[in-house]
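Chemist: Protein chains in written order, with the working numbering: chain Y, 1 to 323; chain P, 1001 to 1323; chain C, 2001 to 2323; chain G, 3001 to 3323.
Rather than coming from a laboratory, the hints here were simulated on the basis of the structure.
Every value quoted in this text rests on a predicted model; they were computed, and no experiment measured them.
Beta carbons are placed, not taken as given, at the ideal position from N, Cα and C, and that holds for glycine.
Certain hints may be false.
[Said to hold, decoys possible] Straight-line distance between alpha carbons at most 25 angstroms, and here's what the computed DMTMM-like set of lysine to aspartate or glutamate pairs gives:
{"hint": "1", "chain 1": "C", "residue 1": "K2282", "chain 2": "P", "residue 2": "E1278"}
{"hint": "2", "chain 1": "P", "residue 1": "K1282", "chain 2": "Y", "residue 2": "E315"}
{"hint": "3", "chain 1": "C", "residue 1": "K2318", "chain 2": "Y", "residue 2": "E315"}
{"hint": "4", "chain 1": "P", "residue 1": "K1226", "chain 2": "G", "residue 2": "E3315"}
{"hint": "5", "chain 1": "Y", "residue 1": "K226", "chain 2": "C", "residue 2": "E2308"}
{"hint": "6", "chain 1": "C", "residue 1": "K2282", "chain 2": "P", "residue 2": "D1099"}
{"hint": "7", "chain 1": "P", "residue 1": "K1267", "chain 2": "G", "residue 2": "E3132"}
{"hint": "8", "chain 1": "Y", "residue 1": "K282", "chain 2": "G", "residue 2": "D3230"}
{"hint": "9", "chain 1": "G", "residue 1": "K3282", "chain 2": "Y", "residue 2": "E278"}
{"hint": "10", "chain 1": "G", "residue 1": "K3282", "chain 2": "C", "residue 2": "E2315"}
{"hint": "11", "chain 1": "G", "residue 1": "K3282", "chain 2": "Y", "residue 2": "D131"}
{"hint": "12", "chain 1": "Y", "residue 1": "K282", "chain 2": "P", "residue 2": "D1230"}
{"hint": "13", "chain 1": "C", "residue 1": "K2173", "chain 2": "G", "residue 2": "D3230"}
{"hint": "14", "chain 1": "C", "residue 1": "K2173", "chain 2": "G", "residue 2": "E3315"}
{"hint": "15", "chain 1": "Y", "residue 1": "K135", "chain 2": "P", "residue 2": "D1230"}
{"hint": "16", "chain 1": "C", "residue 1": "K2267", "chain 2": "P", "residue 2": "E1278"}
{"hint": "17", "chain 1": "C", "residue 1": "K2282", "chain 2": "P", "residue 2": "D1130"}
{"hint": "18", "chain 1": "C", "residue 1": "K2115", "chain 2": "C", "residue 2": "D2091"}
[Claimed, not checked] Just a few of them, taken from the derived set where beta-carbon distance is under 7 angstroms, the chain G residues facing chain Y:
{"hint": "19", "residue": "S3118"}
{"hint": "20", "residue": "G3120"}
{"hint": "21", "residue": "G3284"}
{"hint": "22", "residue": "A3291"}
{"hint": "23", "residue": "D3295"}
[What the hints assert, rightly or not] Covered, in the sense of this in silico footprint (three residues per stretch, anywhere, with C-beta under 8 angstroms from a C-beta of chain P), are these stretches of chain Y:
{"hint": "24", "stretch": "111 to 122"}
{"hint": "25", "stretch": "233 to 242"}
{"hint": "26", "stretch": "300 to 314"}
There are 4 protein chains.
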Amino acid sequence: MSQLPTLYGLVATTHFLLPKLPCVMSPYIALMLWELVLVSSFVWPDHLEVICTAARYDVTVWNRSTSKCDPLISEGAKRGESPEQTAAACDVTFAMLADPAGAMEVACGPQGAVKGLSAGKGYVDVSTVDDETSKAIAEAVRKTGAEFLEAPVSGSKKPAVDGTLIFLTAGDKPLFERASPMLDVMGKSKFYLGEVGNGAAMKLVVNMVMGSMMASFSEGLLLGAKTGLDPKTIIEVIGQGAISAPMFAMKGPSMVEGQYPTAFPLKHQQKDLRLAVELADKVGQPTPIAAAVNDLYAQAKSNGLGDEDFSAIIEALKVNVNA
Amino acid sequence: MSQLPTLYGLVATTHFLLPKLPCVMSPYIALMLWELVLVSSFVWPDHLEVICTAARYDVTVWNRSTSKCDPLISEGAKRGESPEQTAAACDVTFAMLADPAGAMEVACGPQGAVKGLSAGKGYVDVSTVDDETSKAIAEAVRKTGAEFLEAPVSGSKKPAVDGTLIFLTAGDKPLFERASPMLDVMGKSKFYLGEVGNGAAMKLVVNMVMGSMMASFSEGLLLGAKTGLDPKTIIEVIGQGAISAPMFAMKGPSMVEGQYPTAFPLKHQQKDLRLAVELADKVGQPTPIAAAVNDLYAQAKSNGLGDEDFSAIIEALKVNVNA
Amino acid sequence: MSQLPTLYGLVATTHFLLPKLPCVMSPYIALMLWELVLVSSFVWPDHLEVICTAARYDVTVWNRSTSKCDPLISEGAKRGESPEQTAAACDVTFAMLADPAGAMEVACGPQGAVKGLSAGKGYVDVSTVDDETSKAIAEAVRKTGAEFLEAPVSGSKKPAVDGTLIFLTAGDKPLFERASPMLDVMGKSKFYLGEVGNGAAMKLVVNMVMGSMMASFSEGLLLGAKTGLDPKTIIEVIGQGAISAPMFAMKGPSMVEGQYPTAFPLKHQQKDLRLAVELADKVGQPTPIAAAVNDLYAQAKSNGLGDEDFSAIIEALKVNVNA
Amino acid sequence: MSQLPTLYGLVATTHFLLPKLPCVMSPYIALMLWELVLVSSFVWPDHLEVICTAARYDVTVWNRSTSKCDPLISEGAKRGESPEQTAAACDVTFAMLADPAGAMEVACGPQGAVKGLSAGKGYVDVSTVDDETSKAIAEAVRKTGAEFLEAPVSGSKKPAVDGTLIFLTAGDKPLFERASPMLDVMGKSKFYLGEVGNGAAMKLVVNMVMGSMMASFSEGLLLGAKTGLDPKTIIEVIGQGAISAPMFAMKGPSMVEGQYPTAFPLKHQQKDLRLAVELADKVGQPTPIAAAVNDLYAQAKSNGLGDEDFSAIIEALKVNVNA
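One chain only, chain Y, in its complex shape (with noise of 0.2 angstroms):
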């Protein structure tokens, strides 16, 4: 592993198991692997990780970390070498990594997966990155005659935890119908969405409507405490109406004690409103409140919140007398 210059992971699955991945799938398994990559990407330098899905056996596992991949090990899963061996040893490959870079170096680096990868093969990409990135890899995984489908997950820690994580899928349908056991085991649901970058569009809209959401909401939580009524009220209130949404019931009542357990980073949910908002600029869509929206969690990462969940998003918006 030392020709590998920098840090990534991966997990793979081969192909005639698919079938029965549904029922060998442990939950235990399921969990700890979604543990494992949403604790350490959070921590930093070790920012890049990938997991995938796994069964009791014929599963090659491989991380950076060596050590990661042991629980899984001891389940059953094999080890893989590096990405490219893994590939090469698996029908599909699942790879999820923090962010771009660690997506290229693991699909495209000296002993990427592309290396491992020919006709007949499969390449899901469920990390999240841009539009060029996912691209890029596209490319070069169809140049080996291999099959792609990028699918950024929509949720974060707990959806993970209680395999209710949506998958945004765009690329080659084949592979979406091929993988679609898999992502059943560790999601509640799965859109195809069409062409490469779509699965990522997608999650940058979803996301720009829920930082927007989750600002607008903390704003209802100070005004109506500033007016007296009680903020916890107020998200039972909420939670009967129109405007009821998971989102709010599992953020409020901590944000009410001023906690923030980060399930997604301010600074991630910031970047996505930026993207989001570059987007708009670049195709011709208005988009004001996003803009104010984003202006308000930039605001609050430059405040030291960025490491902070997103729903400390309310911090920003609390007045301080003595600033």
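Position chains P, C and G relative to chain Y; hints supplied.
Modeler: Chains P, C and G alone, transformed into the frame defined by chain Y:
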């Protein structure tokens, strides 16, 4: 009735019927009553309307348009002669008017309900009015020895028809308890929020968040469409995740079709946003998002969309190359 | 004076002196008068003050704090006993009060100027008040047969001292012409804008643009500084080009030092922005920028900057890592 | 010239002429040069143009459209054969291109100026380009031993014609001093801002403030008009006070007429706002106003106003009842 120069209506019920109400209130009556209000309240100039609860017997109903009470009379309700006489004949009186002027007239006008109130009676105002109006009516009611409860509803046409309204009550707690069975007939939940004014404040907070969410959702649908995503799929994806809200599922499909059948007029949504922003200014709470959203709705209203459903805000975000 | 419960002041001048005014008005008196007003009007609770023009003789001066008139008396002005008596003794009466309540009291209170007015006389209100107050005073003045002119000034401390104020007048045109020589003594220009209310509207428009410019200028200084530019050089560069404005040259250097000596309090700038946004809402004019700017000033005010100069808005844009 | 596939131009002057430049540079030539650039730079596809200074003799001029140099040749300038040959023949070379691609091509292309540079020579790039491009050109120039100065101008058509441009220079200070007399011919002032990149940053800051001011000014004109004020009078009033700026006086009257003769295209203003907002995001500086302003310009651009003057932003704020 000729002495009453302005238009209004009122429905009242006697106290001893309360325990029976849940069973005697036919869904048909409830639906009819709410339809009456909601349909008429959006038709100018007949915009001041009233409604409340009813039972098969011992319910007194009054409306400034006599004929509007006919269906209820045929179901066994008694016909009230005026707000004063109706309040005098009943233990608890419910009022629902379309605006502050109507609420004041029915409560404190020449033949207003206050003249028929006395110790032991209760007056529940289900109208959505401003703080000052609510407090003025509360004072007038309490001077007679009667109790007062403001109880604006969260929810518009569909929740009313479905009996899933939410009552945001504030004022005299004993009256809240006495009126609870009736509120349970008409809505799915009720909150007691303390001092008079808090009901209106809660509604403002909820509607502020609602207006922002709708604007942001609109941005998401349009941005997605511009980048090649199917807006219907965006609605589906959003419907699966943490930001899923009934409003998106309810309004989204018609928004995609460019249809905005009015349940909550855009001009009312804008009014609530404006009031919320003014309230925020008054209490010193920054609300940058609501300020931007308010301006967007105001722009939509200026562009002739005021009487459309508030989901027509999406039109204000559409690019018009021929503008 | 004991009958007058509230604080106010007033200065009046007789008509036949007008042609001589430009020569007889010593710069010293003008400066002193304006200093009097401006200094005192920012000191609570002595916030209701009045001022106008004066000549070496035949000028009657009144102020609720008798001693404040002493310097003018020593220059030859007569001492008025009350607004009523002063107005009765003079042809044209000028009033400058710090707020609508003071303007109403001096004009229409128990010993108010209106009681001393009659046909042939004129009443010029230099105060900045809202539309309703101005119209109410106009009506009361006109009922006596006298003429009315609203004449709010654009400019604060420095323009006042320098005699470069701008009068935004509206009301009775003959009075505008009669008062013109006096206005010329105190300001560098004057505009007649038509119906009562237009003076206030013009001031609101100008102040709205001013508030936005100051906020944007602040963004520029801070963004430049963050990227390694010297803020003083930014001020210089801006001072050379198409966006050069006296305000930037005047306020910029102290802003760079973090100093905000109050000429126009931030809370008043915010009030004007709020009123402008509300006016825009009322007349159906989108003002997305002013809405965002207003929220920023409101936030600054909430953070304790209300009594600083409005240029302190730059503080609201500074990142505070320890927030 | 057939080897040069893209369009560009260049003007150079020999060093020993510098002391004489201020007198030998005829205003006619300067004007003609600038007109040349400015007119052509807005005409697609002939968008890459170049300009600089000239003297009656010993000036070498090059432009990818040979005929554009003819008027200068007839005034005594020599005709350059390529950027390379021109740079080789002169001590100091000025370049003005319309965009980064053009600037790169003229500097570093197959017959680019860099090939003609060597120690003792200087290269001044008056184009407005991004940070990366400027730094890349600086590096290429310096590798030859020559000095580099970026010198983007603040000001568009009218300042160019009037000789009142402002040069925002950064890079090698000795070259700044050597080029100063030439810059003095073409502009009214010049700033040396330190490291390469600072010139572009300063221009971005100034243009950001400018875009916000124009948007706010537009709001003021429209709000005033809606409340019954004459927009021309608003321009006059603003022109008298602390927020008076040449831009308002210059653009206001035509804006009132709905005319937007292009000096600085709206799409370029929007691009600068976008870059400023992205820069702010990068360095962690909140710019809520610029974010809202950027969205407004982006909306205007999407609505087909991109090629109009940036003062056409007022159109984006107009209510269109038939929208």
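Chemist: All the hints need checking, so say for each whether the structure fits it.
Modeler: Hint-by-hint comparison with the structure:
1. With a CA separation close to 13 angstroms, the supplied pair K2282 of chain C and E1278 of chain P stays within the 25 angstroms bound.
2. Taken as a hint, the K1282 of chain P and E315 of chain Y pair is honoured in the structure, with Cα atoms around 20 angstroms apart against an allowance of 25 angstroms.
3. With a CA separation close to 15 angstroms, the supplied pair K2318 of chain C and E315 of chain Y stays within the 25 angstroms bound.
4. Among the hinted pairs, K1226 of chain P with E3315 of chain G is consistent with the structure: their alpha-carbon atoms are about 23 angstroms apart, no more than 25 angstroms.
5. Only pairs whose Cα atoms come within 25 angstroms are accepted, and K226 of chain Y paired with E2308 of chain C is accepted, the gap being roughly 24 angstroms.
6. Proximity of K2282 of chain C to D1099 of chain P is assessed by CA-CA distance (about 18 angstroms); at most 25 angstroms being required, the pair is judged to hold.
7. Our distance criterion of 25 angstroms between C-alpha atoms is broken by K1267 of chain P and E3132 of chain G, whose separation comes to about 48 angstroms.
8. Proximity of K282 of chain Y to D3230 of chain G is assessed by CA-CA distance (about 37 angstroms); at most 25 angstroms being required, the pair is judged violated.
9. Annotation: proposed proximity of K3282 of chain G to E278 of chain Y holds, straight-line Cα distance about 13 angstroms (limit 25 angstroms).
10. Distance check on the hinted pair: K3282 of chain G and E2315 of chain C sit about 20 angstroms apart at the alpha-carbon level, within 25 angstroms; holds.
11. A threshold of 25 angstroms between alpha carbons decides the hint, and for K3282 of chain G with D131 of chain Y the separation of about 20 angstroms falls inside it, so the pair holds.
12. Between K282 of chain Y and D1230 of chain P, the direct Cα distance comes to roughly 19 angstroms. Compliance with the 25 angstroms bound is thereby established for this hinted pair.
13. Distance restraint check for K2173 of chain C and D3230 of chain G: the Cα-Cα separation of roughly 17 angstroms lies within the 25 angstroms cut-off, and the hinted pair is therefore satisfied.
14. Simply put, K2173 of chain C and E3315 of chain G have alpha-carbon atoms about 34 angstroms apart, too far for the 25 angstroms limit, and the pair is violated.
15. About 20 angstroms separates the Cα atoms of K135 of chain Y and D1230 of chain P, which keeps this hinted pair within 25 angstroms; it holds.
16. Our distance criterion of 25 angstroms between C-alpha atoms is met by K2267 of chain C and E1278 of chain P, whose separation comes to about 15 angstroms.
17. For a cut-off of 25 angstroms, the pair hint linking K2282 of chain C to D1130 of chain P stands: about 18 angstroms separates their Cα positions.
18. For the suggested pair K2115 of chain C and D2091 of chain C, the alpha carbons sit about 14 angstroms apart, so the restraint of at most 25 angstroms is met.
19. Checking S3118 of chain G against chain Y: minimum C-beta separation of about 39 angstroms lies over 7 angstroms; hint violated.
20. Because the closest C-beta pair between G3120 of chain G and chain Y is about 42 angstroms apart, greater than 7 angstroms, the hint is violated.
21. A least Cβ separation of about 4 angstroms between G3284 of chain G and chain Y falls short of the 7 angstroms threshold, and the interface hint therefore holds.
22. Interface restraint check: A3291 of chain G against chain Y, minimum CB-CB distance 4 angstroms, threshold 7 angstroms, status holds.
23. With a cut of 7 angstroms, the hint placing D3295 of chain G at the interface with chain Y holds, because the nearest CB-to-CB distance is about 4 angstroms.
24. Remark: the stretch 111 to 122 of chain Y is not confirmed as covered by chain P, as 0 of its residues place a Cβ nearer than 8 angstroms to a Cβ of that chain, below the required three.
25. With a cut-off of 8 angstroms between beta carbons, the stretch 233 to 242 of chain Y has 8 residues touching chain P; three or more are needed, and the interface restraint holds.
26. For a cut-off of 8 angstroms, the count of residues in the stretch 300 to 314 of chain Y with a CB near a CB of chain P stands at 0, and the three-residue condition is violated.
Hint violations for this structure: numbers 7, 8, 14, 19, 20, 24 and 26, all remaining hints satisfied.
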